[in-house]
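Protein chains: 2
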Amino acid sequence: MKKFINAVDQVENEMIQGMVKAFPQYVKKLDCGNVVVRTQKKEGKVALISGGGSGHEPAHGGYVGRGMLDAAVAGAVFTSPTPDQVYEGIKAIATDAGVLMVIKNYTGDVMNFEMAGEMAEAEGIKVAQVVVNDDVAVQDSTWTVGRRGVAGTVFVHKIAGALAETGAGLEDVQAMAQRVINNVRTMGAAISPCTIPAAGKPGFEIADDEMEVGIGIHGEPGTYKEKMMSADAITDIILDKILGDLDYTGSEVAVMVNSSGATPQMELFIINNHVADVLATKGIKVYKTFVGEYMTSIEMEGMSISLLKLDDDMKKLLDAQADTPAFKQL
Amino acid sequence: MKKFINAVDQVENEMIQGMVKAFPQYVKKLDCGNVVVRTQKKEGKVALISGGGSGHEPAHGGYVGRGMLDAAVAGAVFTSPTPDQVYEGIKAIATDAGVLMVIKNYTGDVMNFEMAGEMAEAEGIKVAQVVVNDDVAVQDSTWTVGRRGVAGTVFVHKIAGALAETGAGLEDVQAMAQRVINNVRTMGAAISPCTIPAAGKPGFEIADDEMEVGIGIHGEPGTYKEKMMSADAITDIILDKILGDLDYTGSEVAVMVNSSGATPQMELFIINNHVADVLATKGIKVYKTFVGEYMTSIEMEGMSISLLKLDDDMKKLLDAQADTPAFKQL
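Residue numbers (the working numbering), protein chains in the order written: chain A, 1 to 330; chain B, 1 to 330.
None of the hints are false.
Calculated cross-link-like contacts (lysine-lysine; reagent style PhoX-like; alpha-carbon spacing at most 20 angstroms): (1) B/LYS28 / B/LYS91; (2) B/LYS328 / A/LYS328; (3) A/LYS227 / B/LYS2; (4) B/LYS288 / A/LYS328.
Computed from the model, here is a short list of chain B residues facing chain A with C-beta under 10 angstroms: (5) MET15; (6) ALA189; (7) VAL255.
If you're looking for bench data, these hints aren't it; they were derived computationally from the structure. Every residue gets a Cβ at the ideal spot worked out from N, C-alpha and C, and that includes glycine.
Make the full structure from the sequences, and use the hints.
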């Protein structure tokens, strides 16, 4: 295993420390563990908390800031945060308006966030939740019952976070987050695995002429292997699956071409070139495109494509100002 | 070679097409080749052009937009753009206030930009230039006489671009760009090579227990090999070299921890954790930190650290609004 790290058991701690030292104007760390919250607490409005295992950077700490999240909780690499961590995060950001938990659909995440939510409610904090399940590659997986939550989660952070910033109530922010979830679909593929530092070896083996189709974000292989193919061909497979799952006819969409960590921007742009062409031939209008590292799997060489079907409210909230370490919108 | 690409000879074209399709609000492509300019031409102020070979994404097209560049010229992967390309870029953005060329110090780049500048001057366009040479790893290299221009170039784009936006004259913008160059130092290291698509195989071989110290940004090996070491140890080597080259005593700095393309943000943050600690012990104050992909070498797993010694003018310009695909500042 070759990585720019020190002791394997310090990876998560040193990463969070390095993040708060990089962005003190945005985030600070709670004393109770790897939980980051906004440096300036948002008062009187619905607060948003998200998180999950480490290894998805910039998710989720990179999205803490004005217009997006109020707190991000980071478990060990690819491991759910504990209920105590989430609970401390909720307490740190809670206002009278309440707290929305944005949970990616993994059994451990859902269980631990829900437990934390109950602990907070027992103390009189209003808590609501949504569960993101945008991955069309699988119905059930090793990691979860139902579809997995992947890169589409970032759209939930952005749009629900923007609505919370307007002073909307908890039910409205929750409903908007759910509206994004109902309208976003994602699928990915990879050509090389990643190595969890504590494991010390790659999560799967893959031949030089093969790729994994339908990857998740925890270093697991895809739902099936394919012979290596062109960027356009794998993009077609992914778009077919996404467009077959939700009716995008005549709609406007936000596109996200996301790197799993090691895929260079050159290749993401080549993929986006074909995404844009395919959508144009199908009469689907691209409103806005995001290309880069949004929801990664450490150093996996892979990518995912997300399509969010937009309405006018979502467009306005997507365009609203955001100022976080990893997502800025003027 | 495993990559998300189509035909090898279409990599640069499809990448640029994918970029302008992703960000039409920021950039458009000229008909004459892989030159991108702002969608809205900046009028009456000094215009900035930069560029180089492809493979450094988001550099340089990602920095075209308000507060930074007006044009970016992309040659083939790791290959200087032609004088004609640069000349077309200059003509497209030229105003009466003149054009500043920000050139990274590589023999081909300098020669071709200078030739283009002369062609433009022959048509009455005022042209000035600066040459960035921030890499302290080498004195001369295969690629250039003198130090190479690497990630510090992004600080030149940001700070000189912000000054140009205020309406400052060409000599002042050039002088400010030079002031950044005089005060920025960079050095990098890598643990895996990258593969130029047209070459089809990695640029160098490296054993599982080795790393390259003093890499450039064109897939070349470092100035020497070392046994694999901890993130803190390689960070110490790099900081020693940078701090030994310029007197940063008592100053405020901007820090950039840059990924060569495949290094996950987890590792960049672990590196930054130690950068921040070392600078604190030396009494050097970190004013602002940038962590991510700024100047890459396709999918090299490597990183560089840049330190820019700031004065009050530079701080103000670094903080000025910028709105480009890859660099936003509210």
